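Protein sequences, first through last, are from chains A and B.
Heads up, the first sequence is in the numbering used here, so the first residue is 1 and it goes up one at a time.
Heads up, the second sequence is in the numbering used here, so the first residue is 1001 and it goes up one at a time.
These are computed hints drawn from the structure, not numbers from a lab.
Just to be clear, a hint being listed does not mean it is correct.
Stated by the list, open to error - Derived coverage of chain A by chain B (criterion: at least 3 residues anywhere in the stretch with Cβ under 8 Å from a Cβ of chain B; other residues may be distant): (1) 122 to 129; (2) 138 to 145; (3) 151 to 159; (4) 293 to 302.
What the hints assert, rightly or not - Cβ pair distances, simulated, as ranges: (5) B:Leu1203 - A:Val305: 35 to 43 Å; (6) B:Asn1228 - A:Leu97: 42 to 50 Å; (7) B:Lys1329 - A:Val288: 42 to 50 Å; (8) A:Gly259 - B:Val1239: 39 to 47 Å; (9) B:Leu1221 - A:Asp260: 36 to 44 Å; (10) B:Ala1225 - A:Ala9: 48 to 56 Å; (11) B:Ser1172 - A:Gly193: 38 to 46 Å.
What the hints assert, rightly or not - Which residues of chain B face chain A? A partial, calculated answer using Cβ under 8 Å: (12) Leu1126; (13) Ser1162; (14) Ile1231; (15) Val1321.
Nothing here was measured: the structure is a model prediction, and the numbers come from that model.
The beta carbon of each residue, even a glycine, is placed where N, CA and C say it ideally should be.
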Amino acid sequence: MRRLPILLATLGVLALIVVSLFVGSYDIDLRSLFTDPEARRMFFISRVPRTLALVLAAAAMAVSGVIMQMLVQNRFVEPTTTGTSEWAALGVLLLTLLAPAASPLLKMGAASAFAFLGAMVFLFVLQRIALKSQVIVPIVGIMLGALISSLTLYLASTYQLLQTLATWRSGGFSSVVRGTYEPLWVVGIIVIGLYLAADRFTIAGLGRDTATSLGLPYRRIMFIGLTMVALATGVTTVVVGFLPFLGLIIPNLVSMARGDDIRSNLPWVVLSSVALMIACDLVGRTLVAPLEIPATVVLGAVGAVVFVAMILRQRKKAHV
Amino acid sequence: MSETRIAARPAAPARRSLPVAARLAVAGTIAATAVVCYLFLFIQGSFDFAFERRLTVIGTMVVVAFAHAVGTVVFQTITHNRILTPSIMGFDAVYILMQTLLVAFFGGSVLAATDGMPKLLTQTLLMVCFTMLLFRWLFSGRGGSIHVMLLVGVVLGLAFRSVSDFLQRMLSPSEYDVLSTRLFGRLTSAEASYLPLAAGVCLIAGAVVWYRCHRLDALLLGRDAATNLGIDHKRELTVMLLVVSLLIAMSTALAGPMTFFGFVTAMLAYQMTGTHRHAAVLPMAFFIGVITLVGGQFVLEHVFYASGMLTVVIEFLGGAVFLLHLLRKGTL
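Chain B extracted, bound-state conformation (with noise of 0.2 Å):
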């Protein structure tokens, strides 16, 4: 921990010596040997039929990790601060409002038989337009403040998660079952026929934001400074909180909702390159994410049997990681 604490800092000469491009390629290198290992490693039985599988976990993985992990940067960015995730505006809870409500009215077989495009692409606009709205309604505009935005969505949040309990209450307890499947991440069950489109959508966002990256080390510098080097303050950042909100909706509607995740990517990215900037900070949180989950998923599959326990394992470590960092920086 103090090692990485030293790379924060620019000033410390020890981790200087390596230049970012070589950091940068490191960290790829890791991710993709982590990659190569979890693909071919360990084969028991067929090897087509293993090798399909993994390969749509991996997928899956490499989609949720490029997702949470632009999306936290992003965020982070555009609300000048380095702690908050943007999960912890709604999404979560949006999420687990509508699992609830479809299996509420239509029952517990209407998970399953709805699954497919269509769905995806609902779940996925609803929750997009849910953080729109809250952003047009209270961040735009004048004596908007990111703080009261994301304090009434996480107000309504509490309010959908007390809608679903009660809702959650009534169900027969297979139904329940059925349904309790989908409000915890779920990385390695997720369906294959989703990911040219997921993947679509987070190259197109990466795109849009790798292409944007200079105009988001503006925004670094706040308000009046981004407004005086010619960017369009507002215009900026409703692009970015829609890529951002489009990313992780996705990714909930993929994987299902998961919190401090991006928190853990961008916080090690900050950490390992030591700059602030966008270039070398997104892939560099990008790669990270690949080594948390695919290595987690690794050590967990074949050192201790437990290969469902991943996002368990990763939230609540990265909660504990979340709470001990907010100590020691002393403030929000």
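Extracted from the complex, chain A is given alone in its bound form (with noise of 0.2 Å):
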């Protein structure tokens, strides 16, 4: 009986797949998928590749999310609030300057091994200051973020990449097809290990010391969970672009309404992340059909309002 709301929940997500695989400009239902080698053509091509990084791309994000709140001790923190997006961004601009024939699979590894650096230094910045609210540690990572992005900026205008990298940077779903897609598998075994690991990033969240005393080797714990989180938001900002605040508020709102057990958590975390990405997906495909508004840009508005919300409510815990 305790696993039927998780059955549930997985058959939602499920049915959500269904619609999302169904839904699109090119008219495809289940029949023409049998009888018509054209629609079971483009189904495999476009919809299901589709469907497929939408999936990976937001269990890539919403884990990481919790690895980075569990590694830094913060509810706050996830990559776009810590400026390893930001890190990533500048990682593959940086490579097409340098090298503009680059294979995606080249790209990826710089915008990973930037995000590693970023997130490095981000941790480095936070222990080197004191903290005196929770607040204060987004504010922190997002101002290492401008300082990041403005160098980003920078480079783009003065080699006239701006409006690439505005397109790159809010990325969407709708250019994803067969054979771009593919690197995101790389996302769906970070999540697993991720997964297998979680007791120990709990306890590498609990501070060196206590870490240590339990038997711990607290830096390389916190080298593979960096690394690990490092590897997601470098594929998926390559592959998919930014994806604003998903790592934050569905972890948030999972611990509100199931409390702090990271592993009964996480895979709740991963069915709402995919629920909530394939939702935006949707929205955006279906809003303004025949056009689309990227489902990025859908999560920046919802994911903004969703965390203006938390906070607000944190306040009022705060303060009763």
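Please assemble the complex out of the two chains, which come individually in their own frames, going by the hints.
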């Protein structure tokens, strides 16, 4: 009986996935899938990769958010509020300038390396400053991000790449077809790895002394955690662009509803972020059809509203 | 760097020997010299043409320096924080979104066609409304917190950025080119006809702040102490925040967004004066702002031949200083 809610949730997400598979400008329904070879071809070239990309990217960003929140012990951090995504953008831009013909795989490598660097810089800064309140951490991260993005913007404007940068930042899933989304499978593997190691990250989050006295190699765990987050961020930003706030609102909403047991929360986090991502994508696809608003933009708007509501809630709790 | 560090500590005897008034006089003289040098040196060709153009640039720079210097010092006082700048509250994002929306809905020519007083006023008012709404909603009232207000401002800023990014990718490249000139600080190409209005706003804001200098000093002591000294804390904060947002919004509408410039002027001003009294810090910050902008432009124009790069250079150096300062001071 205890497994019933998660089963229902899984069914709900599966239903959303099916809807996502059959919505779009090219008319495909269940019957044409079996009778019309052209429809079947389109289905596997465009619809399936798109939906898979949505699922994988959403899971990756949400789980990255969970891990960062555990490692930093702060509810408000995730790749976009720690500057990590901005670093990834800088990495890709630099690579584009130095080697315009670089393969996507190389771009992902550069993005991941820079994301890792950014996460390290952020942690370094955090360790050096005293934190008077939870809310300060994301402000520091966003200021760091602003610093990096001013450099990125400057480079982009010097080399006439500004609009490319804007296109790439807002990304979206419309250009995802077979052959472009496959690297996201790496992210899927990372998600599973993070799930298996969740307990260790929870302990590492308690601080270096506690973790060491519990027999945990603190530095190594931090290193592995950050590497995984950086890889996930790098690959996701290159394939689909920034997914703002996803890693922030979903884990927090799940924690509010279920408490802070990370390992049992993780399936819920993954399911709800996939559901939210697909919902945003569906809204973006149907609202202004035949045009579309990228899911990332819908997510940015929805995410900001939810995030603000969360901050306000925290404020109320702190003052009651 | 180490010398300025000593100046920040009141106990250091070597730097204390020079009274604050003298320091202000020195800074003022340097600022005036920079202005005169920029106006009269290295003029080639028609004197009238060059002079008029340079007057406009100087006017813009003085206005921007005033707005950011005074705005940041006052903002840091009311937030009890020496690191934040008012730009963090999302002015840039609102401004960028407004420009992008204009181009996206009315085409590339609209930016030049609608330039004029009404647009400047509308943009300024919209930005002021945004921050005042945030303020009334999150900061005044019970349980308000300046950090929550900032964070919400920043988050809304991120959301606006995301919408702007999306709209920008739909523009044709030529329209985007027109837009992109508006997305950066552009001190050397601001419209001359705006300057009287901007200067007027600065004068009024300056008068308000100057008249309330001592109240600002009292605000530094914290809410309770200030209330004990007979100050209506909330009212004072509202007035000051209104002044700050007016100054920064106007500067942004006039010359484009700048994030770290105000931080640099305020930080240097505190170190150079070695006091917390606003009557000394505010003018010092203004002088330092003028020296930075005019001196920087002079050097870039005549030494490096890169006149359009000033804001970029200042932003980047300012950002680097910000990061170092954050690490050294060890708190936000």
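Against the structure, the hints:
no.: 1; hint: 122 to 129; in the structure: holds (count 3)
no.: 2; hint: 138 to 145; in the structure: holds (count 6)
no.: 3; hint: 151 to 159; in the structure: holds (count 4)
no.: 4; hint: 293 to 302; in the structure: holds (count 6)
no.: 5; hint: B:Leu1203 - A:Val305: 35 to 43 Å; in the structure: holds (40 Å)
no.: 6; hint: B:Asn1228 - A:Leu97: 42 to 50 Å; in the structure: violated (59 Å)
no.: 7; hint: B:Lys1329 - A:Val288: 42 to 50 Å; in the structure: holds (48 Å)
no.: 8; hint: A:Gly259 - B:Val1239: 39 to 47 Å; in the structure: holds (45 Å)
no.: 9; hint: B:Leu1221 - A:Asp260: 36 to 44 Å; in the structure: holds (40 Å)
no.: 10; hint: B:Ala1225 - A:Ala9: 48 to 56 Å; in the structure: holds (54 Å)
no.: 11; hint: B:Ser1172 - A:Gly193: 38 to 46 Å; in the structure: holds (44 Å)
no.: 12; hint: Leu1126; in the structure: violated (18 Å)
no.: 13; hint: Ser1162; in the structure: holds (3 Å)
no.: 14; hint: Ile1231; in the structure: violated (23 Å)
no.: 15; hint: Val1321; in the structure: violated (10 Å)
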